[in-house]
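Student: Go ahead and model the full structure; you've got the sequences and the hints to work with.
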Amino acid sequence: MSKKRKIGLPPGTLVYTGEKTDIDVKITYVEYNEGNHRSETYERSDRLPIHQSNESIVQWYDIRGLHDINLMQKIAESFGVHSLAMEDVVDVHKRPSYTEYKNGHFISLKAFDYDPKVKEVQTQTISLFFGKGFVLSFQEHEDDIFKPLRDRIANSSGRIRQRGSDYLTYAVIDVVVDRYFSVIDKIEETLEEIEDTISNDVDAINKGEIQETKVNLIKVRKSVVPLREALNQFIRSESNLIDPSTEAYLRDVYDHTIQVAESTDTLRDILGGLQDLYLSEISLKMNKIMQFLTIVTAIFVPISFLTGLYGMNFEVIPELKYRNGYYMLWVAMVVITLGMLWWFKRKKWL
Amino acid sequence: MSKKRKIGLPPGTLVYTGEKTDIDVKITYVEYNEGNHRSETYERSDRLPIHQSNESIVQWYDIRGLHDINLMQKIAESFGVHSLAMEDVVDVHKRPSYTEYKNGHFISLKAFDYDPKVKEVQTQTISLFFGKGFVLSFQEHEDDIFKPLRDRIANSSGRIRQRGSDYLTYAVIDVVVDRYFSVIDKIEETLEEIEDTISNDVDAINKGEIQETKVNLIKVRKSVVPLREALNQFIRSESNLIDPSTEAYLRDVYDHTIQVAESTDTLRDILGGLQDLYLSEISLKMNKIMQFLTIVTAIFVPISFLTGLYGMNFEVIPELKYRNGYYMLWVAMVVITLGMLWWFKRKKWL
Amino acid sequence: MSKKRKIGLPPGTLVYTGEKTDIDVKITYVEYNEGNHRSETYERSDRLPIHQSNESIVQWYDIRGLHDINLMQKIAESFGVHSLAMEDVVDVHKRPSYTEYKNGHFISLKAFDYDPKVKEVQTQTISLFFGKGFVLSFQEHEDDIFKPLRDRIANSSGRIRQRGSDYLTYAVIDVVVDRYFSVIDKIEETLEEIEDTISNDVDAINKGEIQETKVNLIKVRKSVVPLREALNQFIRSESNLIDPSTEAYLRDVYDHTIQVAESTDTLRDILGGLQDLYLSEISLKMNKIMQFLTIVTAIFVPISFLTGLYGMNFEVIPELKYRNGYYMLWVAMVVITLGMLWWFKRKKWL
Amino acid sequence: MSKKRKIGLPPGTLVYTGEKTDIDVKITYVEYNEGNHRSETYERSDRLPIHQSNESIVQWYDIRGLHDINLMQKIAESFGVHSLAMEDVVDVHKRPSYTEYKNGHFISLKAFDYDPKVKEVQTQTISLFFGKGFVLSFQEHEDDIFKPLRDRIANSSGRIRQRGSDYLTYAVIDVVVDRYFSVIDKIEETLEEIEDTISNDVDAINKGEIQETKVNLIKVRKSVVPLREALNQFIRSESNLIDPSTEAYLRDVYDHTIQVAESTDTLRDILGGLQDLYLSEISLKMNKIMQFLTIVTAIFVPISFLTGLYGMNFEVIPELKYRNGYYMLWVAMVVITLGMLWWFKRKKWL
Amino acid sequence: MSKKRKIGLPPGTLVYTGEKTDIDVKITYVEYNEGNHRSETYERSDRLPIHQSNESIVQWYDIRGLHDINLMQKIAESFGVHSLAMEDVVDVHKRPSYTEYKNGHFISLKAFDYDPKVKEVQTQTISLFFGKGFVLSFQEHEDDIFKPLRDRIANSSGRIRQRGSDYLTYAVIDVVVDRYFSVIDKIEETLEEIEDTISNDVDAINKGEIQETKVNLIKVRKSVVPLREALNQFIRSESNLIDPSTEAYLRDVYDHTIQVAESTDTLRDILGGLQDLYLSEISLKMNKIMQFLTIVTAIFVPISFLTGLYGMNFEVIPELKYRNGYYMLWVAMVVITLGMLWWFKRKKWL
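Chains as they are written, first to last, in numbering that gives the first Met the number 0: chain A, 0 to 349; chain B, 0 to 349; chain C, 0 to 349; chain D, 0 to 349; chain E, 0 to 349.
Mixed in with the good hints there might be a few duds.
Treat identical chains as interchangeable: a pair holds within one or across any two.
[Claimed, not checked] Using 27 Å as the maximum straight-line C-alpha spacing, the simulated DSS-like pairs for lysine-lysine come out as follows:
no.: 1; residue 1: 346; residue 2: 287
no.: 2; residue 1: 206; residue 2: 284
no.: 3; residue 1: 73; residue 2: 101
no.: 4; residue 1: 344; residue 2: 206
no.: 5; residue 1: 287; residue 2: 206
It should be emphasised that the hints constitute simulated quantities derived from the structure, not laboratory data.
Tutor: Okay, structure coming up:
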């Protein structure tokens with residue numbers, strides 16, 4: 000949620016809603032067309048050169064870090080990004096969406112990281128703005144998740160060098176969505192572990208693990224379902240910035256989001272089943288405990304009563320005088336015990 | 000719910016359905032255009048001047064307090080508000096909605112306050128009616144939630160002074176919707192607290208807190224989902240009172256309502272998970288208690304039986320004559336106890 | 000459900016499916032236009048005069064009691080009501096619906112009464128058939144719920160006297176729907192009572208009250224959701240029997256049905272939460288009981304074992320000879336007891 | 000489910016998927032128009048005369064028993080029924096559906112019987128194929144559920160004799176759907192019985208009865224929801240085999256299917272509530288049992304400890320020498336017991 | 000899930016995501032028209048002849064095994080299959096879908112096998128690509144599930160020899176979907192077994208069997224619901240590769256997928272009911288155990304107290320001197336026991 004949201008500020012005011020940080024914003028610039036390719040990295044944000052529109056090449060600015068509001072403002076102005084779009088770029092709580100502006104298309108989506116230590120899905124916001132011949136990608140964290148894609152451009156592998164900014168946008172989204180599958184795989188493994196633990200030793204269940212997995216699934220679903228809708232709108236856009244041949248690729252990544260969404264639903268159903276299994280295992284264990292308590296009680300209480308009986312100090316208790324009284328009592332107690340055991344056996348408590 | 004609803008009264012009859020109060024209705028009047036700005040406050044309702052339509056300025060009447068039916072009637076007449084719209088203004092149970100009338104647009108929505116002491120979301124109804132050059136805003140409570148907006152108008156910050164009544168309407172809605180996020184944040188914090196409490200000390204759970212949080216979420220959702228629909232209708236309205244450039248802003252606030260609605264769903268799922276966690280913690284605690292009881296019983300009942308056995312008064316109990324009888328019994332009892340403990344250990348009850 | 004449904008009878012056969020009764024059908028006739036007004040009541044059904052169509056006035060026949068099939072038949076014929084509509088009029092299990100016939104519109108809906116003694120929502124079927132200049136209203140029970148409306152017509156209050164049969168139909172529906180709100184209020188109060196009872200004394204819960212409230216909510220929802228759909232169809236009808244100016248009023252009552260439907264959903268969610276609260280309270284109480292049992296057992300079983308130990312009759316039990324043996328045992332027992340209490344305290348069982 | 004389904008057979012292959020039987024297929028033939036009426040019954044399937052198309056009359060072949068594949072084939076050919084339709088006729092697991100073929104309309108639906116002994120809803124598949132001047136009705140079981148309809152045709156009651164094959168089809172469907180209501184009534188009665196049993200004596204609940212009722216409701220819903228869709232398609236068909244005046248009747252039966260579907264939903268919600276009630280009653284009973292156990296234990300364990308105390312054989316136990324020791328102990332024990340009872344009273348355990 | 004998914008690879012890269020295997024890919028080639036039929040089998044993938052387009056015959060390549068990427072590439076090129084389609088062919092986690100490409104139609108679906116030993120549904124991915132005069136079918140496993148279909152083609156049974164590649168595609172899908180029904184049957188049988196086990200001996204329930212059955216149902220549903228959507232798109236395709244007469248057959252198989260989807264929903268509801276039944280049986284059993292424990296305790300604790308009482312060593316306990324003291328105590332104990340039993344009987348605990 001948006002912990003630092005502005006109330007009463009005019010719309011379009013840039014307010015960074017993420018964690019404050021002192022790290023410099025990193026900007027990687029790539030330009031390419033079928034024949035040429037050039038790449039530069041800017042560590043210090045103020046050195047960013049002025050954007051020059053050039054129709055014959057594709058220019059990609061990959062901005063990592065959103066907290067430098069001044070830089071954001073400068074970029075927004077030099078590419079003519081709508082102020083509402085920039086407001087969304089710096090709002091890390093923005094839900095995935097697609098908006099078509101006059102001079103470009105804005106797409107917001109979430110990238111996932113899975114932290115295996117705490118079994119937690121970590122989310123960062125990625126925003127894309129692409130127009131004629133340029134793509135701006137903004138990401139919250141500084142890890143360079145688009146490196147494989149830049150390598151592909153550099154190596155000229157695949158068809159990316161022959162295509163425009165719409166295809167590059169697709170390629171960026173594709174990288175992000177591909178990462179969803181590995182998160183889904185991780186959650187699936189966790190579910191299998193939980194199932195094994197419940198079946199083998201219900202007490203060994205890590206408290207709250209089921210709940211954490213549920214929260215992870217909710218996070219993934221909350222990101223992927225709006226993205227699916229956003230991609231659907233993107234595909235149906237009739238903008239001439241999008242080449243018809245790109246549509247098949249967009250459909251493909253759209254299909255992947257459907258698959259991820261379906262997987263989260265499936266995993267959620269399975270998790271729901273595991274929770275039921277867990278509850279019934281706890282109840283079953285309680286039954287076991289109670290059965291044991293009852294058996295112990297039911298065997299010893301009657302025979303203890305007998306020992307109490309013959310521990311009384313009445314002057315006249317004829318049995319106490321019997322020569323074999325003590326042995327007869329033992330026989331009686333063994334018979335009672337065996338009878339109880341037989342009865343519990345028949346009741347399948349043993 | 001509408002505790003004081005009229006049955007059998009003709010439609011359009013103004014019936015105030017909120018809490019009766021003696022406080023004067025407060026009216027703040029603002030008029031502005033790009034160059035000029037004037038603001039007045041009326042504490043006593045009867046001094047309200049007669050509305051004069053003026054196309055070159057935007058006039059905003061902010062009415063706080065709905066209980067003065069006569070005043071409401073007078074306002075309705077001077078601005079030509081439809082009687083059904085006015086009936087809705089004074090009905091504090093009105094669900095959020097949008098209606099287009101001949102001479103203006105009516106929007107009803109809910110504003111939230113979060114009372115941190117009782118952790119309760121408090122709701123008030125806000126109604127907006129805007130036409131050519133004027134906006135009427137009606138709110139139930141007297142706290143001045145639109146002050147930041149009036150300040151922005153006064154300071155001429157943002158683009159509001161260059162725009163018409165449609166943009167002002169948007170800005171008012173935006174202020175209300177922005178406040179939703181902080182309520183969502185508060186509920187989220189409460190959920191985190193509940194989760195911590197359940198994990199650490201399940202008995203410390205404040206009875207009913209889960210239910211109260213659920214009710215808060217229901218309240219928010221009940222307000223935001225119809226508002227989302229109302230904004231959707233508002234956007235699709237083809238009225239010439241709405242400038243095309245305002246649409247992007249309306250879409251933005253519409254998007255915020257979607258985000259709030261999705262957040263309530265998410266929080267609800269998480270809350271549902273917490274409830275399951277809570278129930279399983281209670282069951283687990285019961286298991287623990289029962290295990291302890293069973294262990295105590297299973298250890299002491301057999302050895303107590305032995306003490307009873309040798310407390311009997313039979314004339315012939317050979318063991319009682321043994322020189323080391325007492326010590327042998329102690330050995331037997333220690334063996335039994337250790338055996339039990341080993342067995343419970345193996346069963347992981349200890 | 001339809002306990003007395005006909006199987007194999009031709010469609011359009013009138014079969015009264017409600018409770019048989021000997022009470023006479025009561026018919027109240029009102030005719031009015033802007034200037035004139037006349038009202039008559041027929042206690043004995045056979046005296047009903049023949050309907051004479053008159054375009055300059057609105058004629059309203061309010062029929063209370065549906066069991067007199069012959070009378071129904073006569074009415075159907077004199078107004079040209081379709082036989083399938085009449086079949087629906089006398090079927091008290093008919094779900095709310097709207098059908099447009101050639102010479103009129105048929106609307107079926109449910110009116111509610113709340114019986115505070117048994118906290119039960121009671122339902123009756125109301126059918127409306129209106130055509131050019133006339134409205135027929137059929138209701139199952141004899142209580143005169145439309146009296147306030149007839150008074151309004153008589154007193155010429157509101158705009159009803161200037162309008163046609165479509166507006167009268169709206170007004171009748173409005174009266175019925177307004178009554179829904181008070182039922183919702185009653186159910187809301189019941190929920191608050193249940194919540195208080197659960198929090199204060201879970202055992203004082205009236206068995207089955209939660210279930211009864213749920214059934215009440217189901218009843219209301221089952222009636223209001225189809226009515227909402229029916230009104231939606233009614234509004235979209237392009238019949239020239241409906242004056243365009245009536246639409247705003249129909250929309251208003253349609254909006255009320257949405258509000259009632261949303262309220263039932265909300266209350267249902269709250270009730271679901273109460274049920275969870277109830278179950279967890281029962282479990283918590285069980286935990287309390289078990290804790291108490293376990294504490295009592297854990298304290299007394301060990302010290303009772305000690306008393307048993309020194310109640311044995313071995314010839315050699317050295318401790319028994321100790322001068323302070325008895326007092327030392329007391330010390331031991333007090334230490335054991337205090338140790339247990341301290342341990343339970345630490346475990347927060349006390 | 001389809002226990003005998005063919006895999007790999009070409010589509011359109013007739014495979015009877017129901018129970019094998021030796022009973023002869025029964026065919027009842029009726030032909031009628033406004034003036035004439037003739038009816039014949041064929042017990043032995045091979046005697047069936049060749050169909051002769053006759054536009055001035057309606058011909059109805061009612062075939063009871065689907066296992067005679069050769070007969071089915073012969074009928075299919077003589078009426079030109081599409082092979083896929085015939086495949087569906089003999090598949091008793093076919094879900095309700097509507098298909099329009101070139102020379103006729105095919106409708107598949109389910110008829111219910113309620114077996115009061117086992118409280119089980121029994122389902123049979125009914126298929127209808129009607130074309131110009133003829134209706135074929137196929138039913139799985141041999142009981143003659145359409146007799147009342149044939150009697151109506153014979154007695155010329157209602158408007159059926161003046162109408163065509165479309166109206167006859169409607170009338171057949173109407174008979175089947177009317178039977179649904181009595182099944183719903185039966186299930187409703189069962190629910191009331193279950194509720195009474197739970198409230199009065201939770202142990203008397205017949206194991207599995209709730210589950211069986213749930214399965215019955217699932218069966219009904221599974222049959223009626225697809226039928227509703229099928230009828231909706233049927234109504235919207237623009238075939239000239241369907242007279243416009245029949246539409247009002249089809250809408251009526253369509254409305255009945257909606258009502259049945261809504262009733263199953265309602266009953267299911269009620270049943271869900273009963274299940275919750277049942278579970279809470281079981282828990283409450285457990286609480287009662289535990290309270291009783293705890294009270295017995297808490298009263299007797301302390302006073303038994305006292306008796307053990309004074310049963311010890313220490314040489315020095317001063318109290319044992321007291322003249323009134325025994326009586327003082329009795330007083331102590333009575334005080335302890337009364338104290339315990341008072342405490343339980345205050346805790347509302349008694 | 001896709002355990003081996005590529006991240007950062009260009010779209011259209013063929014990555015086999017299934018289990019690695021050394022088995023040779025098996026290819027069965029069939030060509031036929033109304034008069035001719037020829038069939039060949041290729042065990043070693045490299046011998047596959049070059050495809051020659053021939054409009055007068057239908058050519059069917061059935062490829063079993065997807066792991067030979069080079070072969071896949073070769074096939075893709077010789078038939079002009081789009082690279083995104085081929086990427087989907089070798090992705091065994093691909094969800095069922097339908098895509099229309101310029102030179103053919105791609106359909107992905109899942110085939111099921113039921114392993115009776117572990118009661119697990121096993122899934123394999125089947126992909127179909129058909130164009131003018133040819134059908135490519137790709138399946139993950141090597142078992143020849145389409146043999147019956149090839150036999151039908153060889154034997155010229157049914158209408159398949161007179162039809163084109165669209166009908167063959169339908170026939171292949173039909174074979175796969177027919178197999179769904181037997182899986183549904185198996186799951187249904189498992190549910191009946193589970194119900195029997197719960198009713199007869201709740202402890203005999205195989206741990207996790209309910210969960211496994213739920214997972215099976217989720218698997219089936221996850222495969223059949225997207226397939227239903229894919230078939231719906233297939234039917235609505237206006238491609239001239241699909242003969243209008245094929246539509247009735249596609250609708251038939253589409254209807255089957257609806258039936259399977261509805262059955263999974265039904266079975267899931269039934270399974271949900273079984274789970275509730277299971278939980279209530281566990282609780283009931285617990286109640287039984289507790290009742291027994293309580294009865295044993297309540298009978299023996301009071302009479303044991305009495306024996307303790309008269310085992311005390313007070314010097315003055317008058318009752319101990321009574322001649323019939325012992326016998327009187329026995330009478331008292333029998334009376335207490337009978338009283339307890341009567342009381343438990345009345346409470347229906349016995």
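Student: What hint numbers does the structure not satisfy?
Tutor: none
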